[in-house]
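Student: Please build the complex by placing chain B on the supplied structure of chain A, with the hints as guidance.
Protein chains: 2
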Amino acid sequence: MPVITIDPGQFTNALAAFQDILGPGAVIEDSAQLADLGDPFAPPQGDWYKPGAVLLPASVEQVQAVLRIANEKKVPVWTNGQGRNNGYGGAAPRVSGSFVLSLKRMNRVLEVNEQSAYALVEPGVRFFDLYDHLRETGSKLWMSVPDLGWGSVIGNTLDHGVGYTPMGDHMNSQCGMEVVLANGDVLRTGLGGLTGAKGWHVYKHGCGPAIDGLFSQSNYGVVTKMGVQLMPAPECYMPGWLQLKNDSDLEVMLERLRPLMLNGTIPNQPMIINSACAMSAFTQRDAWYTGEGPLPQSVIDEICRQPMLGAWVMRFALYGDEQIVERQREIVSQALGTIDGATLTFSKYDGHNLPELDNPHERVQAGIPSLALDQMTRWYGGEKGGHIGFSSAMPITAADGAAIRDLVRGEVNAAGLDYSGVFIVGKRSMIHVCLVVFDTENAAQTETAYAVSKSMVKSAAKQGYGEYRSHLDFMDLVADQYDFNNHAQRRFHEVLKDALDPNGILSPGKQGIWPRVMRS
Amino acid sequence: MPVITIDPGQFTNALAAFQDILGPGAVIEDSAQLADLGDPFAPPQGDWYKPGAVLLPASVEQVQAVLRIANEKKVPVWTNGQGRNNGYGGAAPRVSGSFVLSLKRMNRVLEVNEQSAYALVEPGVRFFDLYDHLRETGSKLWMSVPDLGWGSVIGNTLDHGVGYTPMGDHMNSQCGMEVVLANGDVLRTGLGGLTGAKGWHVYKHGCGPAIDGLFSQSNYGVVTKMGVQLMPAPECYMPGWLQLKNDSDLEVMLERLRPLMLNGTIPNQPMIINSACAMSAFTQRDAWYTGEGPLPQSVIDEICRQPMLGAWVMRFALYGDEQIVERQREIVSQALGTIDGATLTFSKYDGHNLPELDNPHERVQAGIPSLALDQMTRWYGGEKGGHIGFSSAMPITAADGAAIRDLVRGEVNAAGLDYSGVFIVGKRSMIHVCLVVFDTENAAQTETAYAVSKSMVKSAAKQGYGEYRSHLDFMDLVADQYDFNNHAQRRFHEVLKDALDPNGILSPGKQGIWPRVMRS
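Taken in sequence, the protein lines are chains A and B. Heads up, the first sequence is in the working numbering, so the first residue is 1 and it goes up one at a time. Heads up, the second sequence is in the working numbering, so the first residue is 521 and it goes up one at a time.
Simulated from the structure, these hints should not be mistaken for laboratory data. Using N, Cα and C, we set each Cβ at its ideal position, and we do this for glycine too. One or more hints might be untrue.
Partial pick of chain B residues on the chain A-facing surface, computed with a CB cut under 10 Å [what the hints assert, rightly or not]: (1) Ile548; (2) Leu668; (3) Asp689; (4) Gly716; (5) Val722; (6) His725; (7) Asp732; (8) Ser736; (9) Asn739; (10) Gly784; (11) Phe1012; (12) Leu1016.
Computed spacing ranges between beta-carbons, pair by pair [claimed, not checked]: (13) A:Asp358 to B:Glu850: 32 to 40 Å; (14) B:Thr863 to A:Asn359: 43 to 51 Å; (15) A:Gly341 to B:Ala1019: 38 to 46 Å; (16) B:Ala1019 to A:Gln115: 35 to 43 Å; (17) B:Arg588 to A:Pro259: 43 to 51 Å; (18) A:Pro502 to B:Gly716: 29 to 37 Å.
Only chain A is shown next, with the shape it has when bound in the complex:
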């Protein structure tokens, strides 16, 4: 796609109308303020992906009014919850200069159901907010959080984000949405289509075609409410930490891990972290090496030998009845603790009376939000570190793990950057995320980071690895790889987009889906 900007006359005209309906303070147009409301790790292309103004509605009715005006004035709005989709474009819109519809002010926890273990939240509710609400109200329920807790629960879920409790597949743990469609109509999914339905947030499939998935990674609607499944606090919480000595132990381990995931012995989403990535949570690169190019093997080896580290480390956790957890510990120990040179350690806590946890990995697997791992982006020094998420999905096998590791490490290193990689393991699949870390104040490094990420999109696809999520700057490129039957998926989405949003006002370009008015 070429750069698309919106017509200045149309913009100004719409801006006035938005100000009218939202009132003072709810439209940000000041360029100094806007500078902080885009992508903090933006690509080097000057003015791409900059918001023209930010709209802050406070209610469903105001969202409807915003969309009505957007349709009248034919201007696009790019929706986000908190705009913390960092590594994938942050708060920035795909179409330069367009309006950003930020749902930050819609931040109520509308319900917590202790019996059936769910919450109903608005899109401005951050993981921190939901956590605080649960603790302040004396709830016995645990939630799931990603590594950084500042994002929107709904926003993270809709972008197929992950957490690390047994409910860590967030999209799979949502149940029941309210959505404002492009035409301003308000829809409730699933059983919510029946006014007063008692099972809206417990039964997923509804009656008729199930449409919840349609609003994930999507520009078909603005999600204004969502059911979030929670879990009863477990009697026993036992986080584990596996250290693997050699790079190739990854393959051995994946083959032994898969059966434990399939049969539920490990119920959460383990994260397998390479040495540079694990170390970046604690130190900056210059503590280890100040030369150009990727870390030499000798330096990597030195990092691997540090306490609690290894070529790969895996965090995971067990939850539940103490006797069952103890037996799961034995099974895991037999399977993974017996890998040559491996070290496996566990902590054990009373889930009903959890103490203050110092270790951020133990916190996140108990669903306690934190910002501890934000440090990782500062690997190359300074406070202005950034990263791009290069994120591929695949089966849990040695062959797939080795293939994506070798491909990504090879390309990243050849570009002169360090390989910072994690595998996030689900019940039947895993995601390999390469944090392509760079210093945002280093223009050359920024350019390199984006260039290598885009190059990897193509080489990974050639080997059968599709991205599950992507940065604004290469959403089109990722969509291009989904090429089966002459891009049947994209052609299907274009039909839906044109039917649901004929004026193309909602987040044009999201995941490579463009409305007719912007397709060339």
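Tutor: Relative to the frame of chain A, chain B by itself:
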């Protein structure tokens, strides 16, 4: 909706074209044969829901050709896999006299992946077929099956059908579809959009809006391939059987069961069965009572006192490591076995060397298909019994369980029929299915059964209980209950339907979704 029939001239014209492309034997138009290819438990309205002809394509290309002709000739086709959707219309089309697209001949198991535990199947594959394939090829994997094994794996899944292993939420256990759209285009969902993707059948969300749900209970496409998740055979398989003495023990039990479902102590989908329903698997009604009207309480009490029965019985099962299963048995026994007057019994098997299981409940929870429970429809005598499934979804609570039981039992009894009810319990919700059983050769009873089912659709909705599935004869009525914001769900689906199928050829009326050409 009024009765809709298709124009005889158009029908004949299209029939010839279908015969041309499908060849001899692949189009059934003989009225004697057709008589057996509709709804075996049909409502009393004469010619409603009768197929005009049945089309039997043998390949994706033939499905595409069928849809091309249907578009050209403007005739509707009603898709099914095996047409065993009994209780909900069987093989019959919503539009009288229209073509039925039966996918029976597309019956290949295309792949079984032992590592990642899934199969890729075509829509004609029955549960029996997949089971036979797994056993014949020496697979170590278990599958999930519904109570009757003669149906299509894909068909059951798409209609939100259930099974009774830990993968019993079938729609949740599907991963990755191939779909022929109304325009003949072939689409693959999720990662399958990327040619050669390695994770098509293990990673669910894909990139961009997730569309799999859109093809369930749907008339948006014809699913021609689907990934079905399987499970490794467990070391230990322990089916359990709980007998509850009093009707009101249901409420006590539901409150104790919910935490066991939420924390995974019971990992499968338990079924809670009332006495008449349980007895109908073994005997006919006249063994107990030959009077008119519903069974008197004294007769019900007598049935409850039979061996292995009670006011309610629950079947469920535990799977996995023997020590963990033994501990789960203890936890379940403490929670449920202590209910006043309850009896709780377990069997225990080596999952890797399962013996021949005689008990159909133990078979189905091990994923072994059977037809044993087909007996249930013969309650009122003869070989021509039928039933309607009246199926509502709700939270797992005493209040909800009691409310739906009382509502349904009250209405069914008032109509002079016996109450045959089951709760199928998922991780966070349950479905109450009332088998409204009747003798298909008794016209008055048939009429009563349909009338009371339709009446309950409305009264259940008023109390907040939506049907999750419905019979052809009241799909529109069920859709009517989904009334939030002036039927926003239906209006949304009509936009999608018109965009994806402008000629309205695919299964018009399915779940109350009608194409523009048939909307009044």
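Student: Work down the list of hints and note, for each, if the structure agrees.
Tutor: Do the hints match the structure? See the list:
| no. | hint | verdict |
| --- | --- | --- |
| 1 | Ile548 | 29 Å, violated |
| 2 | Leu668 | 20 Å, violated |
| 3 | Asp689 | 8 Å, holds |
| 4 | Gly716 | 5 Å, holds |
| 5 | Val722 | 4 Å, holds |
| 6 | His725 | 5 Å, holds |
| 7 | Asp732 | 6 Å, holds |
| 8 | Ser736 | 5 Å, holds |
| 9 | Asn739 | 8 Å, holds |
| 10 | Gly784 | 7 Å, holds |
| 11 | Phe1012 | 5 Å, holds |
| 12 | Leu1016 | 7 Å, holds |
| 13 | A:Asp358 to B:Glu850: 32 to 40 Å | 35 Å, holds |
| 14 | B:Thr863 to A:Asn359: 43 to 51 Å | 47 Å, holds |
| 15 | A:Gly341 to B:Ala1019: 38 to 46 Å | 58 Å, violated |
| 16 | B:Ala1019 to A:Gln115: 35 to 43 Å | 40 Å, holds |
| 17 | B:Arg588 to A:Pro259: 43 to 51 Å | 46 Å, holds |
| 18 | A:Pro502 to B:Gly716: 29 to 37 Å | 35 Å, holds |
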